[in-house]
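S.K.: Residue strings, one per chain:
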Amino acid sequence: MSSISFPKTTRYLMGLALFLGLVSMSACTGKAGAKGVLKMPAAADAKSLDPAMADDLYTNEAISLIYEGLVEYEYLKRPHQLRPLIAEAMPTVSKDGLVYTFKIKKGVKFTDSAHFAGGKGREVVAKDFVFSFLRIADPTINSGGFWIFDGKIKGLNDWREKNKTAASVDYDNGPEGFKALDDSTLQITLANPYPQLLFVLAMSYGAVVPREVVEKEGKDFGNKPVGTGPYILERWMRGSKITYVKNPGYAHSSFPTEAEEGDDKALLADSGKTLPLMERVELSIFTESQPLWLNFLSGQLDRAGIPKDNFASVIDSGSNNLKKEFADKGMILTIAPSPDVTYTAFNMLDPFIKKAGPKFRQAIALSGDTKDTLKVFYNNRGIPAHSPVPPGLAGYDENFINPYQRYDFEMAKKLLAESGHPGGKGVPVLQYEIGQGAESRQMAEDFQRRMDKLGIKVQINVNQFSELLSKIDQKKAMMWGVAWGADYPDAENFLQLLYGPNAAPGPNGANYNNPEYNKLFEQMRYMADSPERRQIIHRMMEIFATDMPWLPGIHRVTYGLSQKWLKNYKPGYMGGHIAKFLRVDDELKAQGVK
Amino acid sequence: MKFLARKIKGNSLWSDALRRLLNDRFATWSFVVITVYVVMAILVFFNLVGSSWQESMGPSREAPDLSQGPLHWMGLDIFGRSVVLKTIQGTYTAMYVGLVSSLIAIPIGVLFGAVAGYFGGWVDDLITWFSTMLANIPEFLLLIAIAIAMGKGTTTVCIALGVTSWVGLARLIRAEFMKHKNREYVVAAQALGGGHMRRIMKHIFPNVLHIVIISFSLRFVTGIKSEVILTYLGLGAEIGQRSSWGLMIADASGELMQGVWWGLAAATAAMFPIVLAFSLFADALRDAIDPKLRH
Numbered sequence: 001m002s003s004i005s006f007p008k009t010t011r012y013l014m015g016l017a018l019f020l021g022l023v024s025m026s027a028c029t030g031k032a033g034a035k036g037v038l039k040m041p042a043a044a045d046a047k048s049l050d051p052a053m054a055d056d057l058y059t060n061e062a063i064s065l066i067y068e069g070l071v072e073y074e075y076l077k078r079p080h081q082l083r084p085l086i087a088e089a090m091p092t093v094s095k096d097g098l099v100y101t102f103k104i105k106k107g108v109k110f111t112d113s114a115h116f117a118g119g120k121g122r123e124v125v126a127k128d129f130v131f132s133f134l135r136i137a138d139p140t141i142n143s144g145g146f147w148i149f150d151g152k153i154k155g156l157n158d159w160r161e162k163n164k165t166a167a168s169v170d171y172d173n174g175p176e177g178f179k180a181l182d183d184s185t186l187q188i189t190l191a192n193p194y195p196q197l198l199f200v201l202a203m204s205y206g207a208v209v210p211r212e213v214v215e216k217e218g219k220d221f222g223n224k225p226v227g228t229g230p231y232i233l234e235r236w237m238r239g240s241k242i243t244y245v246k247n248p249g250y251a252h253s254s255f256p257t258e259a260e261e262g263d264d265k266a267l268l269a270d271s272g273k274t275l276p277l278m279e280r281v282e283l284s285i286f287t288e289s290q291p292l293w294l295n296f297l298s299g300q301l302d303r304a305g306i307p308k309d310n311f312a313s314v315i316d317s318g319s320n321n322l323k324k325e326f327a328d329k330g331m332i333l334t335i336a337p338s339p340d341v342t343y344t345a346f347n348m349l350d351p352f353i354k355k356a357g358p359k360f361r362q363a364i365a366l367s368g369d370t371k372d373t374l375k376v377f378y379n380n381r382g383i384p385a386h387s388p389v390p391p392g393l394a395g396y397d398e399n400f401i402n403p404y405q406r407y408d409f410e411m412a413k414k415l416l417a418e419s420g421h422p423g424g425k426g427v428p429v430l431q432y433e434i435g436q437g438a439e440s441r442q443m444a445e446d447f448q449r450r451m452d453k454l455g456i457k458v459q460i461n462v463n464q465f466s467e468l469l470s471k472i473d474q475k476k477a478m479m480w481g482v483a484w485g486a487d488y489p490d491a492e493n494f495l496q497l498l499y500g501p502n503a504a505p506g507p508n509g510a511n512y513n514n515p516e517y518n519k520l521f522e523q524m525r526y527m528a529d530s531p532e533r534r535q536i537i538h539r540m541m542e543i544f545a546t547d548m549p550w551l552p553g554i555h556r557v558t559y560g561l562s563q564k565w566l567k568n569y570k571p572g573y574m575g576g577h578i579a580k581f582l583r584v585d586d587e588l589k590a591q592g593v594k
Numbered sequence: 001m002k003f004l005a006r007k008i009k010g011n012s013l014w015s016d017a018l019r020r021l022l023n024d025r026f027a028t029w030s031f032v033v034i035t036v037y038v039v040m041a042i043l044v045f046f047n048l049v050g051s052s053w054q055e056s057m058g059p060s061r062e063a064p065d066l067s068q069g070p071l072h073w074m075g076l077d078i079f080g081r082s083v084v085l086k087t088i089q090g091t092y093t094a095m096y097v098g099l100v101s102s103l104i105a106i107p108i109g110v111l112f113g114a115v116a117g118y119f120g121g122w123v124d125d126l127i128t129w130f131s132t133m134l135a136n137i138p139e140f141l142l143l144i145a146i147a148i149a150m151g152k153g154t155t156t157v158c159i160a161l162g163v164t165s166w167v168g169l170a171r172l173i174r175a176e177f178m179k180h181k182n183r184e185y186v187v188a189a190q191a192l193g194g195g196h197m198r199r200i201m202k203h204i205f206p207n208v209l210h211i212v213i214i215s216f217s218l219r220f221v222t223g224i225k226s227e228v229i230l231t232y233l234g235l236g237a238e239i240g241q242r243s244s245w246g247l248m249i250a251d252a253s254g255e256l257m258q259g260v261w262w263g264l265a266a267a268t269a270a271m272f273p274i275v276l277a278f279s280l281f282a283d284a285l286r287d288a289i290d291p292k293l294r295h
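Protein chains in written order, with the working numbering: chain A, 1 to 594; chain B, 1 to 295.
Same shape as in the complex, but just chain B (with noise of 0.2 Å):
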């Protein structure tokens, strides 16, 4: 029975869904797109490409021109800058406005949830009060009210986003944790005297981890179709620190009627595949690591 001696190693979560996702062609083409994005906020952030977006390179709302090079072939703005370079800044914006609204939201929304979904009682109906009561204000009046309150710029803007969208995370955990509170695991480790803090972090969190980088990646898209709107509105991004690709639809509104489409054209080109890259990773992600959608 010499087969039977042989060590079978079994997955992990994690490595099975790596397999999973490297198996899904939508997902790696999904994951390349992100990537590219990431690499492009990072190379504008140590100012390697589009430092020079500032400059006129030529008559005011030039159309696009193939044969001048490619800063010309997504045409000229108002100023004569070139769209292709305002469009690679805006990359980094809404990046930024992405991650770091993202990073905001999670950390409330898990620890609401888990603190609500463990405990109960009536901290668990203290904090489903004041996060429902939050989800039922209009999220963009909320937001709006925010950026007035705190000032403008992309700094508002990611503290608005993260502060008011967090509830939905908190849903999600809070019912994971109630589920799990009582499992023989975490009874287990009471038992061996694991403290509130123990059972918290140590065992209950890896099982619903799944679900943060989930939403981690919902949250992402969310954070940049938002600054884009909430620049449109006049909310968003500083002007003319950084370009932004609300502030280019901000600016079609007017000039779409003149035949200048470029503009509007190039920045909904560039937030097309990223929101749908993440959408569609954020699709695979699930199906991968969540262990009820498993087959």
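Bound-form chain A, shown alone (with noise of 0.2 Å):
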């Protein structure tokens, strides 16, 4: 045997190598524990950091620690209500409802930045919403969020057309529709009547950016995000984990003074206080949800989700309560229904679906049995969905029925025959498109085993979540499975799903196109909550009943855990993430991880 032998000096230094080793993996150990830090769990990482580019939930919640509007949804109180953000208070409205006018607080910055005079942050001035607002128009940014304001503001579609075309972008000539009248005023005016207007402004696409940042970062500018937010980004690891530090020059929002009747007192502990409450988040991605629930359970998590295969060993079936071995650790359970509903999109231009028609349709809806998928799949936690719009919003009708939401397999062997495809006869293999993940699949595999019966082929096709999209933007899927969750509460952002100038690439993925739903979806979409507006959009939920562009799945109700140390929790939440308003309490944190 040989050995191999050192010098001494090579030895020492060897040692001493070792020795810095180990106290730097102990440095990095005790940053898990370090004090002030959030840690929350994220199901998707974000795709980009800039807020034009906020198109879906997780890319939104990433974007909100750093960005902010106008205005933002009151934490504490239900039904949803907006508070002054960045405005000095909520805007003056004209008398037609058309001119709506902002005061822009005194004092909000952005946050530091080489590319600001002197690299420190500057004030917001209303030039910088014009700006910001104007970007989400820009045909050269290609935004998702365009929607927001396209055809509701005063000479934007123009403004567009005519950049489409232009050599560059002309922001210092931007539509009558928004106007900075002086550094602390802002002016927004309709070309119709929008009551959604504020909602739409609360969510990430009305955030404001500084046009020197963007103009000078370029493509790099949803990597190098400055805003206005509570926090700043401090390091983002792409796929694992997004950490953000506390603002140091935040200081024009604070925790609300008042919550709902029947809330936990304990939720007003930090009223008042000058938010965020914590000086580090960290957001930590899982794609899958098993190694989430184990950092949750080890206390890496202040909060989870419940996951659907850990459900049965969390709630007892009996109470609907916290198991005891998860109560004795002091955690939360918190239930609230999600503004959402699931459901599978017919590509209404398909050729096949085009021509097969309602009955078709209505056949294949009342082949499945929503309460089975609910047990099987959800634990029972969701109620089956009558029509897009779920419960909690302006315009959700308990009492509407749609009589294919039912199980009925001998009608709907009839209305498959009424349709001309007796026993299936005639059907093409359906092309069902879904996303990744084993959940996904199963629900999948339920369908193909339903059509089955009914003698209808199906065969399932898995995608990337931005290639399930992007087949539906193409109007090539034929049937997908999704999800829609309320970008405000309003029943217009889901029945504006079904609008036909909404065809994809918008949001009406199923280019459904019915003549009458369409008038009526552009008469209620001007108008405020009213019983006239509750009897039109009856009509239209009878008109979806009757064409079935979609089986609609079912309104979710989420479950959760908090750990005994997480403060302030409160569930549903409409507006962004909720990092600023909560508070870990390291002494409680110590102990429990211990």
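Honestly, the hints are just simulated from the structure, not real lab data. Even glycine gets a Cβ: it sits at the ideal position worked out from N, Cα and C. Worth double-checking, as some hints may not be accurate.
Said to hold, decoys possible - Straight line, CA to CA, 20 Å or less: simulated DMTMM-like cross-link-like pairs of lysine to aspartate or glutamate:
1) A:457 / B:62
2) A:308 / B:62
3) A:471 / B:238
4) A:224 / A:316
What the hints assert, rightly or not - Cβ-to-Cβ under 10 Å is the rule here; a few derived chain B residues that face chain A:
5) 56
6) 58
7) 79
8) 152
9) 233
10) 251
11) 252
12) 253
13) 256
14) 257
15) 259
16) 260
Put the two chains together into one complex; each comes in its own frame, and the hints tell you how they fit.
M.R.: What follows is the structure in structure tokens.
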């Protein structure tokens, strides 16, 4: 046997290197238990940190810690209400409902950037909002958020058309609809009354961005965000983690002082305090639910939704409460209806689907039992959807019953025969597109088995999520299963998903186009909530139930767990990430993790 | 000297290999296991076994129950389907992918290896450059890229595995051809007027065939394992047409936390013997037919 020997000096150096290595490792471990850190999960990575690209939930949440707009949702109030954020107060609105005038808060600053004079963040002025809103309509940026202003702002569509062919986009001569009257006054003029305007301004698309940084960073702006929000991006490890540190200059938002009746009084413990409450936020990305759950159980996450597959081991099926072992650890269960709808859409432009007619789609709807789906796939966490509109939104009608949202196999066979396809005869193999993940696949298999009983063959095509969206946008998908979550608390946000002019690549991926539905939508979209509007919505739901461009699935109910040290959590918030309102009790956490 | 006149019959390479294989107990048993799986796959292909795997036999995720008959021995899946039938169905998918991917990879590897080794020069440089480049791309990334470009499905998996896994064989064949091309028997064939094709196919190839056979059994195992992994990643077998061990393992990723262990157990229990048998058989084959390993 031979052994390797090193000179004495080398041995000392190696020993020192080992020591330093161990010290640095322990320092890293120490960071995991650092104080003032909020650790939250995300189900997917952000695709960009540019507010103009906030097209999906996960991007929107990641962005909302850095950027903010004129208004935001009240954290503790339900039904949802707005409160001023960068705006000094809620806007004044002209009598005809067309002109909104905002006063901008003094002293709100962008975070520091080398692109500002002296490298220090400058104050936000009204023309920053004009620039930010025009960016959403900029044809060269191709923001998915243009729909929030499309056809609604005076002169904006003309400005967009003009700039489609221009050598460079002219931000200095914007449309009449967006005007900075002075540094602190912003005026928005609408083409038609648009009661949802304030809601859409609370979305990430409505966030303010600094022009000089955007222009200097160019395409890299999505990686180097500069906003006015409670946090600054520290590090973005793609596909793994996004870390943020507190914005030291943030002073324009405080914890709400009012809660709802029945809310836990502890929710107001931080009432009036300047936000954010934590020094650091870590968003860890978990595409699979089991690693997320195991991290939560070991105290590495402060909160987690309960995965479907762990539900039975966490919740007592009889009482619907937390099982003792979790309750004993002080974990807190939150149950909240999620303002969303799951559905299987038909591409109404597909030659076969178009020709097959409504009876074919009604037959397919009747062949499945949503109650079974709820039991097998959602642990009964949801209610069957009868229309696109979920509960809790202005325009939801709990008495509306969709005659095809039930299981009646005999009727399904009869309708299939009446559609000209007895026993599935003459029906081509239906192409069913899904995203990745065992759960999506199992749901698609369930559909495939249902169709098999009707004599219809289904081929399941698994796609990456972006690939699925691309197929829908290009009108190449025949059928697909997705969900839509509310952008703002109004039925219009869901009913627009079936409005003809919103066809793909717009949000109406089903390319449904019913003139009566379209006309009613155009009527209701400009109305505030009223009995008359609800009547119109009811008629739209009837049309939907007859044509069945979707197979409505369920409205989900979210079950989540907070660690005992996580304070101020209230479920059901609609506007971006709630990190700035949350607080971790470090003492409790130190005990709990031990 | 009568005994000198007695004719001594020599053993050919193949009959000697067969004798060695039959004398190796592990090899014999491995061959039996492989045969059982092949027969099972053929029966599944002709719908003689496991054709009713889609039928519900009872409640969702029912635990294994020996009293209800063989179809319940490994429990039921989320839709109440027999896990035993799903596992049997999966045999076909695994064997199909193993076979077809090997049948694609081996001719490519042999062709490139033979041409590069025999001709040398710029042809060798070009093929070596191409195969080295291909080998340097992480295999699974390449497989995923091909699966995404061609659309998912069992056939895609076979093609993807086939076109990405020939490099190792090509290198071996190239080295053998370089060694053989200047040997006396090849030079003699050339002197007798044998062309390139004749020298490659008729003279050198039979002398490197053992490498192809060993490589085939090793590729088969890789094919089976890769199918399971690719299907687990959502890039493999068509859903609902045939069951697959990869799909069963993918389902188990969430089910295990609920204590539903039988899907994973059945798929791995089915996979283990065939992978082991192929590996042992490949080893035994190498021992039996590689002249360098003979004593």
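S.K.: Are residue 58 (chain B) and chain A close enough, Cβ to Cβ, to be under 10 Å, as the hint says?
M.R.: violated (14 Å)
S.K.: Return the status of the interface hint for residue 257 (chain B): holds when the least beta-carbon distance to chain A is below 10 Å, violated otherwise.
M.R.: Hint holds; residue 257 (chain B) Cβ to chain A Cβ min 5 Å, cut 10 Å.
S.K.: Taking the closest Cβ pair, is residue 259 (chain B) under 10 Å from chain A?
M.R.: It holds, given that the least Cβ distance between residue 259 (chain B) and chain A is near 8 Å, below 10 Å.
S.K.: With a cut-off of 10 Å on the beta carbons, see whether residue 253 (chain B) makes it to chain A.
M.R.: Holds: closest Cβ of chain A sits about 6 Å from residue 253 (chain B), inside 10 Å.
S.K.: Given the hinted pair residue 308 (chain A) and residue 62 (chain B), is their Cα-Cα distance within 20 Å?
M.R.: With Cα atoms ~17 Å apart, residue 308 (chain A) and residue 62 (chain B) stay inside 20 Å; holds.
S.K.: Tell me if residue 252 (chain B) is really an interface residue toward chain A, meaning its C-beta lies closer than 10 Å to one of theirs.
M.R.: holds (9 Å)
S.K.: How about residue 79 (chain B): closest beta carbon in chain A under 10 Å, or not?
M.R.: Cβ of residue 79 (chain B) sits 6 Å from chain A, so the hint holds.
S.K.: Can you verify the interface hint for residue 251 (chain B): is its Cβ closer than 10 Å to any Cβ in chain A?
M.R.: Cβ of residue 251 (chain B) sits 6 Å from chain A, so the hint holds.
S.K.: Does the CB of residue 233 (chain B) sit less than 10 Å away from some CB of chain A?
M.R.: holds (8 Å)
S.K.: Grab the minimum C-beta distance from residue 260 (chain B) to chain A and call the hint holds if it beats 10 Å, violated otherwise.
M.R.: With Cβ-Cβ at 8 Å, under 10 Å, it holds.
S.K.: Would you check the hint for residue 457 (chain A) and residue 62 (chain B), treating anything up to 20 Å between C-alpha atoms as holding?
M.R.: Violated: residue 457 (chain A) and residue 62 (chain B) sit about 27 Å apart, past 20 Å.
S.K.: Hey, does the residue 56 (chain B) contact hint survive, CB to chain A under 10 Å?
M.R.: With a minimum Cβ separation of about 8 Å from chain A (threshold 10 Å), the hint on residue 56 (chain B) holds.
In terms of the numbered hints stated before, the structure departs from hints 1, 4, 6, listed from lowest to highest.
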